[in-house]
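Asks: In terms of full-length UniProt numbering, the sequence shown is residues 1 to 208.
Just to be clear, a hint being listed does not mean it is correct.
Derived lysine-lysine pairs resembling DSBU-like cross-links, with alpha carbons at most 35 Å apart [unchecked claim]: (1) Lys-180 x Lys-61; (2) Lys-58 x Lys-180; (3) Lys-204 x Lys-36; (4) Lys-58 x Lys-36; (5) Lys-66 x Lys-180; (6) Lys-36 x Lys-180.
With beta-carbon atoms standing in for the labels, derived distance ranges [stated by the list, open to error]: (7) Leu-47 x Ser-175: 16 to 22 Å; (8) Ala-69 x Leu-201: 39 to 45 Å; (9) Ala-154 x Ala-43: 16 to 22 Å; (10) Tyr-51 x Tyr-71: 19 to 25 Å; (11) Ser-179 x Arg-19: 58 to 64 Å; (12) Ile-206 x Gly-64: 51 to 57 Å.
FYI, nobody ran anything at the bench for these hints, they're computed from the structure.
None of the values given here were measured: they were computed from a predicted structure.
We treat Cβ as the ideally placed atom computed from N, Cα and C, and that holds for glycine.
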Amino acid sequence: MKARMIFGRTTSKTNQAHRSRVSAALTQLLIPNDFKYVIAVGACTGLLNIYQSILVSKARKRAGIKYPALYASNQEAERNAAAKAFSKSARLSSAPFALPRGVIPLMRSSFFAGRRLALTTHADCTQRAHGNTLEAIPFFLFSLIQVGLSHPRAAAVLGSIWLAGRVAFTIGYSSGDPSKRYYGVFHNIGFLGLLGTSVYLAFKAILA
Numbered sequence: 001m002k003a004r005m006i007f008g009r010t011t012s013k014t015n016q017a018h019r020s021r022v023s024a025a026l027t028q029l030l031i032p033n034d035f036k037y038v039i040a041v042g043a044c045t046g047l048l049n050i051y052q053s054i055l056v057s058k059a060r061k062r063a064g065i066k067y068p069a070l071y072a073s074n075q076e077a078e079r080n081a082a083a084k085a086f087s088k089s090a091r092l093s094s095a096p097f098a099l100p101r102g103v104i105p106l107m108r109s110s111f112f113a114g115r116r117l118a119l120t121t122h123a124d125c126t127q128r129a130h131g132n133t134l135e136a137i138p139f140f141l142f143s144l145i146q147v148g149l150s151h152p153r154a155a156a157v158l159g160s161i162w163l164a165g166r167v168a169f170t171i172g173y174s175s176g177d178p179s180k181r182y183y184g185v186f187h188n189i190g191f192l193g194l195l196g197t198s199v200y201l202a203f204k205a206i207l208a
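Go ahead and model the full structure; you've got the sequences and the hints to work with.
Replies: Okay, structure coming up:
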């Protein structure tokens, strides 16, 4: 059978069937059957982002931090400076067995200043937990997809470890105690596992 050539491409039914088989083979090679697990992990990354966004919104509202300010630290430093000035100006009375003048206002001011500081610290920690996750997501998703195309189950497992670690990281960090962010330190197992495998596969393809 003669095949006509139009712009360098054959139009014969035989060649069309061959191209279809090659296309199907490439599709099966590039997107393995278990890639659905990788897709599920990638979708859960979006849910993680929504969860963190809700926490940030609530924390900012409680602390009274308004946009476009990202963190409350600078604003709070000014408030604390005013509170310190008030504390220095308060003087204790020398009258015996009497409540010194200025103690009650000082206690009230100290209480609310401490409460305010706790709320803003909580908001800052929550905001940072979200920001830290956003910084890692591009590298995570790229590595997840790249590794998932050749090792879908391994990629899904490592991705799940990263997600679980990020949830624990967020819960600990958003408590207001920065040291509790280490609750989710195991997320590095998933992240570094994916990143390392991604780099290995890249060099393997280059040297092939």
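Asks: Would you mind marking each hint as holding or not holding in the structure?
Replies: To see whether the hints hold, each was checked on the structure:
1. At roughly 22 Å between alpha-carbon atoms, Lys-180 and Lys-61 fall within 35 Å of each other, so this suggested pair holds.
2. For the suggested pair Lys-58 and Lys-180, the alpha carbons sit about 20 Å apart, so the restraint of at most 35 Å is met.
3. This hinted pair checks out: Lys-204 and Lys-36 have alpha carbons roughly 25 Å apart, not beyond 35 Å.
4. Under the criterion of a C-alpha separation no larger than 35 Å, the hint pairing Lys-58 with Lys-36 is consistent with the structure, at around 34 Å.
5. Under the criterion of a C-alpha separation no larger than 35 Å, the hint pairing Lys-66 with Lys-180 is consistent with the structure, at around 26 Å.
6. At roughly 34 Å between alpha-carbon atoms, Lys-36 and Lys-180 fall within 35 Å of each other, so this suggested pair holds.
7. Checking the proposed 16 to 22 Å range against Leu-47 and Ser-175 shows it holds: the Cβ atoms sit about 21 Å from each other.
8. Look at Ala-69 against Leu-201: about 42 Å separates their beta carbons, and that is inside 39 to 45 Å.
9. Distance hint for Ala-154 and Ala-43: a CB-CB separation of about 18 Å, consistent with the stated range 16 to 22 Å.
10. Here the CB-CB span from Tyr-51 to Tyr-71 is close to 20 Å, well matched to the stated 19 to 25 Å.
11. A hinted range of 58 to 64 Å holds for the C-beta pair Ser-179 and Arg-19, which are about 60 Å apart.
12. Evaluation of the 51 to 57 Å hint for Ile-206 and Gly-64 yields a pass: the beta carbon distance comes to about 53 Å.
Comparing the model with each earlier hint shows no violations; every hint is respected.
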